[in-house]
Amino acid sequence: MGLGAVVNATIFTESRWQAVLGLPTAGLLWSFATFLAHSEQVEALGVAKIEALFYVALGGMAQTLLLWLGFTVVIWAMTRAFGGRVPLLRLMTLVSASSLALWVGAPAAAFWINGAPGHTAIAATISLISMALFLHALTRGLSADLHWSFLRAAGAVSAASVFLASFAFLAL
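Quick note on my numbering: the sequence shown kicks off at 16 and runs consecutively.
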């Protein structure tokens, strides 16, 4: 089974668990990796590990859910700019269902940002590849959902990605 078949099986199934748990699971994995990267500082503070993990997970989940909503709204706007009409909740489900690659990419990004200097190149590579796979899956799903060509859907997803990358760069 090739990558295209896996992407199609992931997107075209109306699997509720993946649509609901896609990005929240990525958020939990991000939080756990962030916790592991800062475990020495947590020990130095004298905070119980389970309590610290709870607070880190709570913050990571809040951050992930807000990013999910924000990305969905931007991709919704770009979809409309490209002439498409898709309900916001359907698009939110599509974004989450496409996020399976982020289950690997989110923890890798956390290690990239917070990890030891010797491991950041590997973590950066893994997280960037995962992001590319996520955007590819989202493009395939958007193309199928709106009956668009892959190129048109890629234009909308690329425009949203460039907009958000510019926003993130300017926020630094």
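Just so you know, the hints here were simulated from the structure itself, not pulled from any lab data. Note that the coordinates shown come from a computational prediction; the quantities given were computed from them, not determined experimentally. Note that beta-carbon positions come from the ideal geometry of N, C-alpha and C, so glycine has one too. Among these hints, one or two may not hold up.
Listed next, with one range per pair, are the computed distances between beta-carbon atoms [stated by the list, open to error]:
1. Val62 <-> Phe178: 34 to 40 Å
2. Gly170 <-> Leu84: 19 to 25 Å
3. Met76 <-> Ile137: 39 to 45 Å
4. Ala159 <-> Ala186: 28 to 34 Å
5. Gly85 <-> Gly170: 16 to 22 Å
Against the structure, the hints come out as follows:
1. Val62 <-> Phe178: 34 to 40 Å: Since the Cβ atoms of valine 62 and phenylalanine 178 sit about 38 Å apart, the hinted range of 34 to 40 Å holds.
2. Gly170 <-> Leu84: 19 to 25 Å: holds, 23 Å
3. Met76 <-> Ile137: 39 to 45 Å: violated, 26 Å
4. Ala159 <-> Ala186: 28 to 34 Å: The hint (28 to 34 Å, Cβ to Cβ) holds, given that alanine 159 and alanine 186 are roughly 33 Å apart.
5. Gly85 <-> Gly170: 16 to 22 Å: Cβ of glycine 85 to Cβ of glycine 170: about 20 Å, so the range 16 to 22 Å holds.
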